[in-house]
Amino acid sequence: MRDLVLSMIADGGLLAGMPYSLAAPLVMVAFGALVVFGFVLPIAGVTSWLERRVWARIQSRIGPNRVGPQGFLQWLADGLKNLLKEDIIPSAADKWLFSLAPYLVVAGFIATFATIPFTSSLIIADLNIGILYITGVTGIVVVGVLMAGWSSNNKWSLLGGIRSAAQIVSYEIPAGLSVFPIVLLTGTLSMQGIIRAQGWAPWDWFFFYNPFTFVAFFVFFVAALAEGNRTPFDIPEAESELVAGFCTEYSGMRYLLFFLEEWGNLYVIGAIVTTLFLGGWQVPAFTDNQTLLTVAQFGTFFLKAYFFVFLAMWVRATLPRLRVDQLMTVCWKYMVPIAIVNMIGTAAWMLLVPEALGRMVQIGMTVGGGVVVVVFFRRVRFHLRRANLQPSDYYYSPII
Amino acid sequence: MSLGGFDVQVLRENGFATEEMTLNMGPQHPSTHGVLRFVVRADGEIMTEAVPDVGYLHRSIEKISEKVGYHGFMPYTDRVDYVAAMPCNQGWAMVSEKLAGIEVPRRAEYCRVIASEFNRISSHLIAVGTMGMDIGAFTPFTHALREREHINNLLEELCGARLTFNYMRIGGVAWDLPPDFAEKALAYIDRFEPLIDEYNALISFNKIYKERLVNVAVISAADAINYNLNGPNLRGSGVDFDVRRDIPYSIYPELQFDVPIGTGEEGTVGDCFDRYMVRIREIQESCKLLRQCLQQIPDGPVLAKVPRKFKPPVGDAYVRVESARGDMGWYCVSDGSEYPYRVKIRTGSFTAMSIIEKVSRGLMIADLITVVASFDLVAPEVDR
Numbered sequence: 001m002r003d004l005v006l007s008m009i010a011d012g013g014l015l016a017g018m019p020y021s022l023a024a025p026l027v028m029v030a031f032g033a034l035v036v037f038g039f040v041l042p043i044a045g046v047t048s049w050l051e052r053r054v055w056a057r058i059q060s061r062i063g064p065n066r067v068g069p070q071g072f073l074q075w076l077a078d079g080l081k082n083l084l085k086e087d088i089i090p091s092a093a094d095k096w097l098f099s100l101a102p103y104l105v106v107a108g109f110i111a112t113f114a115t116i117p118f119t120s121s122l123i124i125a126d127l128n129i130g131i132l133y134i135t136g137v138t139g140i141v142v143v144g145v146l147m148a149g150w151s152s153n154n155k156w157s158l159l160g161g162i163r164s165a166a167q168i169v170s171y172e173i174p175a176g177l178s179v180f181p182i183v184l185l186t187g188t189l190s191m192q193g194i195i196r197a198q199g200w201a202p203w204d205w206f207f208f209y210n211p212f213t214f215v216a217f218f219v220f221f222v223a224a225l226a227e228g229n230r231t232p233f234d235i236p237e238a239e240s241e242l243v244a245g246f247c248t249e250y251s252g253m254r255y256l257l258f259f260l261e262e263w264g265n266l267y268v269i270g271a272i273v274t275t276l277f278l279g280g281w282q283v284p285a286f287t288d289n290q291t292l293l294t295v296a297q298f299g300t301f302f303l304k305a306y307f308f309v310f311l312a313m314w315v316r317a318t319l320p321r322l323r324v325d326q327l328m329t330v331c332w333k334y335m336v337p338i339a340i341v342n343m344i345g346t347a348a349w350m351l352l353v354p355e356a357l358g359r360m361v362q363i364g365m366t367v368g369g370g371v372v373v374v375v376f377f378r379r380v381r382f383h384l385r386r387a388n389l390q391p392s393d394y395y396y397s398p399i400i
Numbered sequence: 401m402s403l404g405g406f407d408v409q410v411l412r413e414n415g416f417a418t419e420e421m422t423l424n425m426g427p428q429h430p431s432t433h434g435v436l437r438f439v440v441r442a443d444g445e446i447m448t449e450a451v452p453d454v455g456y457l458h459r460s461i462e463k464i465s466e467k468v469g470y471h472g473f474m475p476y477t478d479r480v481d482y483v484a485a486m487p488c489n490q491g492w493a494m495v496s497e498k499l500a501g502i503e504v505p506r507r508a509e510y511c512r513v514i515a516s517e518f519n520r521i522s523s524h525l526i527a528v529g530t531m532g533m534d535i536g537a538f539t540p541f542t543h544a545l546r547e548r549e550h551i552n553n554l555l556e557e558l559c560g561a562r563l564t565f566n567y568m569r570i571g572g573v574a575w576d577l578p579p580d581f582a583e584k585a586l587a588y589i590d591r592f593e594p595l596i597d598e599y600n601a602l603i604s605f606n607k608i609y610k611e612r613l614v615n616v617a618v619i620s621a622a623d624a625i626n627y628n629l630n631g632p633n634l635r636g637s638g639v640d641f642d643v644r645r646d647i648p649y650s651i652y653p654e655l656q657f658d659v660p661i662g663t664g665e666e667g668t669v670g671d672c673f674d675r676y677m678v679r680i681r682e683i684q685e686s687c688k689l690l691r692q693c694l695q696q697i698p699d700g701p702v703l704a705k706v707p708r709k710f711k712p713p714v715g716d717a718y719v720r721v722e723s724a725r726g727d728m729g730w731y732c733v734s735d736g737s738e739y740p741y742r743v744k745i746r747t748g749s750f751t752a753m754s755i756i757e758k759v760s761r762g763l764m765i766a767d768l769i770t771v772v773a774s775f776d777l778v779a780p781e782v783d784r
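Residue numbers (the numbering used here), protein chains in the order written: chain A, 1 to 400; chain B, 401 to 784.
These are calculated hints, taken from the structure and not from any lab test. Treat the hints with caution; some may be incorrect.
To be verified - Capping the alpha-carbon separation at 25 Å, the derived lysine to any residue pairs in SDA-like fashion look like this: (1) LYS607(B) to PHE218(A); (2) LYS607(B) to ASP87(A); (3) LYS758(B) to ASN628(B); (4) LYS610(B) to LEU352(A); (5) LYS744(B) to ARG479(B); (6) LYS333(A) to GLY444(B); (7) LYS467(B) to LYS711(B); (8) LYS688(B) to GLU549(B); (9) LYS607(B) to PHE302(A); (10) LYS607(B) to GLU172(A); (11) LYS81(A) to PHE218(A).
As the list claims (entries may be wrong) - One side only, chain A facing chain B, incomplete, derived with CB under 7 Å: (12) ILE58; (13) THR135; (14) GLY136; (15) ARG230; (16) PRO320.
Don't be surprised by glycine CBs; every beta carbon is placed ideally from N, CA and C.
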């Protein structure tokens, strides 16, 4: 980054002659803006479209398919529509908090992108406390949600806000504890450092490193879903109970901002999981061409992260919702103890298990993972055959 | 592993006063199945009381009958319970026939049972689908409605309508089965039955789903009888009573079918899960009934000779039919004129409303939705 800024100052143009202390923040802001408007917002929008599409297919529906090819531009239409809608602030609401809450929520989620490592070189800021920073800034989201629930002056909103606060605060703990095994293994909190400690092959991923990191992955993913208010943990906005939860009173763009956060957050979850457990952007060094390698890294990271976005959609389309007390029970009675065991287990593993044995465990777990995938697809085939669906029952054609 | 919650206690000491919150759930609320209203007094998430408030969908259907006459009232009976309109049709036809002493042709009885059982399946599909939706799983709902569409197609072939059928007439049914209907219907049932297993695999035996339903709002058999629950809600509490079998009407005595009752297979007898599973099992029983009917249906006329100016003799009659929501009573008083003197309809949803206040005490707000869904309430049937 420093070299880039210095060369831009030297080359002339916009930054010519500027002192470094002024030029560096400018470049950072410009790059951040590029990431936000060129990547974050489109990815949240496209995710919204894709979620509706995937959901529709799972539910034997068609989904949005009118705006653009396959309805691809639906998210733009939705955004435009919501921008033009009247922004209603209830007269009994606390105007300042009510207006501020959506921005706080979105700010909290966009800030996480600062340390998302898209490739080995493409990262806004490779902080040495990267993963800690992400855990911290996602905490802003809960403040926004609580503000939204409180300031709406609506009992359903209030219940949604309180539920959300309780949920996010609780699930930060297993999520945080599940990061610890990885931090123990790598000895760094930096996102790039964690990825560099892994390899491109599945057996080099922390996912298959040892049984404890394997379990930590699931604990983290589930806790992240809960933090993102996703099914089966979507109780703050449980439609059938709380109307729309904390965003009941919102309308127009402010309403959309909450969903922007929800969909964008899916990608953040995927990116963090990929970084921590699935080797991030690691690709085999197949070429010397840096540009090509960067593109391959970006594609790998994107696909891995987006797989988890898809998984979250899939989960949402399949599972019912937990009740609020069950949610807390799952967190405190099961996930927190499991996460602590993972942490201690990983530490013991590092001390006790020799490298050769560890290597064998890695290979064995990778093979086991492959077997699970095969079994899974055989189950899918069994159910598809038993259901004996007719073509008219499910809309599998890509052109409708 | 049980996900059952903590024992929650609200502490009120040292002068720290908390106050209960009064929540108004409905009449416009996403999961009150129409325009039901509950006044909920809640201590945080825990309800101390949920009082149902009925009357938002009252359309004076019983009174209308006194102005439109016996034949003319048939389309209105569809609106008593639009989710399962065929049994309502049948109830009105049967009470009129009983008043006038009309014999219904055999083939018409078969047509009525076929239509009613198809309608029962489609109604139960909505019931179990919305149950899933209220628990937060949307996919089971669309899968259930996908199958309901096929049944609606069949019923549309039968009578031209998909929701408010107006199929039955006093003395029989309006139209005979269309050609090839039996083959189509049998083929569909063959395809539909394995899908019930798929549906169970998708949602019924899902761990989270069971946690939400099992041991929630347990109603003992005595309570169920005292509060006058009926239909699947009564059988869910383990009471073995089905009007089709115990007070037989139409051709049900000639058909083989079981009456599924709640057994507390996952928890306590009479919890939400039992009421839910009774409906799933009843779908399977209806498939059995339909198979028999479609194979045995005799030839003959489908409509007895009934005068257009239908004037039953002075008297009164009460019939009971097993609607999708249980024992539906139709009471009609005739003064010998063209118009009924008084009609009273007794419906399952209305009686189920009465027990909600009792069972909802101490549950969480999310459970109220489960309870309402487990009773399979249909708002127009509550108010008529």
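Evaluation of the provided hints:
1. LYS607(B) to PHE218(A): Within the cut-off at roughly 17 Å; holds.
2. LYS607(B) to ASP87(A): Violated. LYS607(B) to ASP87(A) sits at ~41 Å, over the 25 Å cutoff.
3. LYS758(B) to ASN628(B): holds, 13 Å
4. LYS610(B) to LEU352(A): Since the Cα atoms of LYS610(B) and LEU352(A) sit roughly 42 Å apart, the hinted pair is violated (cutoff 25 Å).
5. LYS744(B) to ARG479(B): OK: LYS744(B) and ARG479(B) at ~15 Å, within 25 Å.
6. LYS333(A) to GLY444(B): holds, 22 Å
7. LYS467(B) to LYS711(B): holds, 14 Å
8. LYS688(B) to GLU549(B): holds, 20 Å
9. LYS607(B) to PHE302(A): violated, 32 Å
10. LYS607(B) to GLU172(A): Between LYS607(B) and GLU172(A) the Cα gap is close to 24 Å, so the pair holds against 25 Å.
11. LYS81(A) to PHE218(A): violated, 38 Å
12. ILE58: holds, 6 Å
13. THR135: Where the cut-off is 7 Å and the nearest Cβ of chain B is about 26 Å from THR135(A), the hint is violated.
14. GLY136: Violated: closest Cβ of chain B sits about 29 Å from GLY136(A), beyond 7 Å.
15. ARG230: violated, 11 Å
16. PRO320: Holds. Min distance 4 Å.
Checked against the numbered hints above, the structure breaks hints 2, 4, 9, 11, 13, 14, 15 and satisfies the rest.
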